[in-house]
Amino acid sequence: MNNFIKKNRIVGRTVLIMVIFGVFFSTILEFVYTNANPIIIKSEAEAKERLLLQVISKDIYNNDLINSFIKIKPNEKLKNKEVIKGYIAKNNNKVTAVILETRAPNGYSGEIKILVGIDTKGYILGTRVIKHQETPGLGDFIDVTKSDWINIFTYSSLKNTSQSEWAVKKDQGKFDYISGATITARAVVKAINESLNFFKENKLEMGIDV
Amino acid sequence: MFKAAVIDGLWKQNPGTIQLLGLCPTLAITTNVINGLSLGLATMFVMMIANSSISPIRRFVPDEVRVPIFILVIAALVTIVDLSIHAFAEPLYKALGIFIPLIVTNCIVLARVESFASKNPTLPSFYDGLFMGLGLCFVLIILGGMREFLGQGTLFSGFDLVFGQSLSGLSINFFDQYSGFLLAILPPGAFLGLAFLIALVNWIDQKN
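Chains A and S, in that order, are what the protein sequence lines are.
Quick note: the first sequence uses this note's numbering, first residue 1, plus one each step.
Quick note: the second sequence uses this note's numbering, first residue 1, plus one each step.
By construction, these hints were calculated from the structure, which means they are not laboratory data.
Fair warning: this is a prediction, and the values are worked out from it, not measured in the lab.
Even for Gly, the Cβ is constructed at its ideal location relative to N, Cα and C.
Among the clues, some could well be false.
Derived SDA-like pairs: lysine to any residue, alpha-carbon spacing no greater than 20 Å straight-line [stated by the list, open to error]:
1. S:Lys94 <-> A:Tyr33
2. A:Lys146 <-> S:Leu186
3. A:Lys146 <-> S:Ser157
4. A:Lys48 <-> S:Pro68
Chain S side only, calculated, beta carbon under 10 Å to chain A, not exhaustive [to be verified]:
5. Ile69
6. Ala76
7. Thr79
8. Glu90
9. Tyr93
10. Gly158
11. Ile185
Hey, can you work out the whole structure from these sequences and the hints?
Structural data, given as structure tokens:
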């Protein structure tokens, strides 16, 4: 009996100490989180705006770009699985460009997310890969910090590039690729082509009627 | 005490080449110098604060549940580091990404806490964390350098992305036309590189 109480006392003490440690560190974490989170949200918004500014130039709009968007439902063209934002750039209340987020589901290792800036006539103003997991040193040439390959799409449109030309040169298309990483380039070309198709079909909803 | 910590951490008990602990991030992230250096510094920092915060409370931790409590403390510290980097150093956070939370699972942190900080006073524990972390950091830098040189033909590329634009001139490109050596960049390259490094360390040890 004595032994039983002794044993339980150890259990009780152990539980108590673990609870104290748990509560103590949760409080610290809560404190750090409440202080850091507003800064994180702000720096993420800034990072996003910097990214948006890379696909269109600052000269062509004067509205609050981050807060000027339409909601885009999941669709076959942009391959989004949840509702995403399509940003509308306006100059003196006249739409000058849109920024769409498109996905290439068939990269070499997983999904590639791409931002595409398109002007009102359907010409690409700029493209940036915002998220990918392609092989470092091989497939990551699509990242602008590694190579400027991604800029080859600028000024392409559905008008000056026919449907069959929207492919890498290996597939008789118009776009260069890095040998050894054809799958990555193919996926990106296809996704950007689809974003233009989406733009063509939905430009009325974005306030473009040309 | 100080000297022993330096020798143990950097050579005799080096986490990367002798203890072989914490290999998962070691092998995964060392595709170039900058990745190795950033993760090395982050791990070193966590080891320093983990060791020096567990050592003062070591008397209050019951022996039976010391491991869960150590993990709890390490996880809390890493989360704090993670949140702080995310808030105050966005580019660094982008570069390290998933690997900061993964420091929690890095064996070497728990190993040093368990085998050193839980038995020694605060100051020696701090030194131990510092120099074990530094030893690991060196291994990550050397391995990253080997893989970056062989795989991409460059050294120190990408420093500007983490430490600011002023360092963009640091990148060295060794060959004009280098098509890359894929094996060095993929995971097998990490194993081979580490094997060469360990062989070298053993060879030097045997010679002495």
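Against the structure, the hints come out as follows:
1. S:Lys94 <-> A:Tyr33: holds (19 Å)
2. A:Lys146 <-> S:Leu186: holds (17 Å)
3. A:Lys146 <-> S:Ser157: holds (10 Å)
4. A:Lys48 <-> S:Pro68: violated (39 Å)
5. Ile69: The hint holds - Ile69 of chain S has a Cβ within 10 Å of chain A, the shortest such distance being about 5 Å.
6. Ala76: Hint on Ala76 of chain S: holds, closest Cβ of chain A at ~4 Å, below 10 Å.
7. Thr79: Holds, because the Cβ-Cβ distance from Thr79 of chain S to chain A comes to roughly 6 Å (cut-off 10 Å).
8. Glu90: Hint on Glu90 of chain S: holds, closest Cβ of chain A at ~5 Å, below 10 Å.
9. Tyr93: Since chain A brings a Cβ to about 9 Å from Tyr93 of chain S, closer than 10 Å, the hint holds.
10. Gly158: holds (7 Å)
11. Ile185: At 4 Å from the nearest chain A Cβ, Ile185 of chain S passes the 10 Å test, so the hint holds.
Against the hints set out earlier in the document, a violation occurs for number 4 only.
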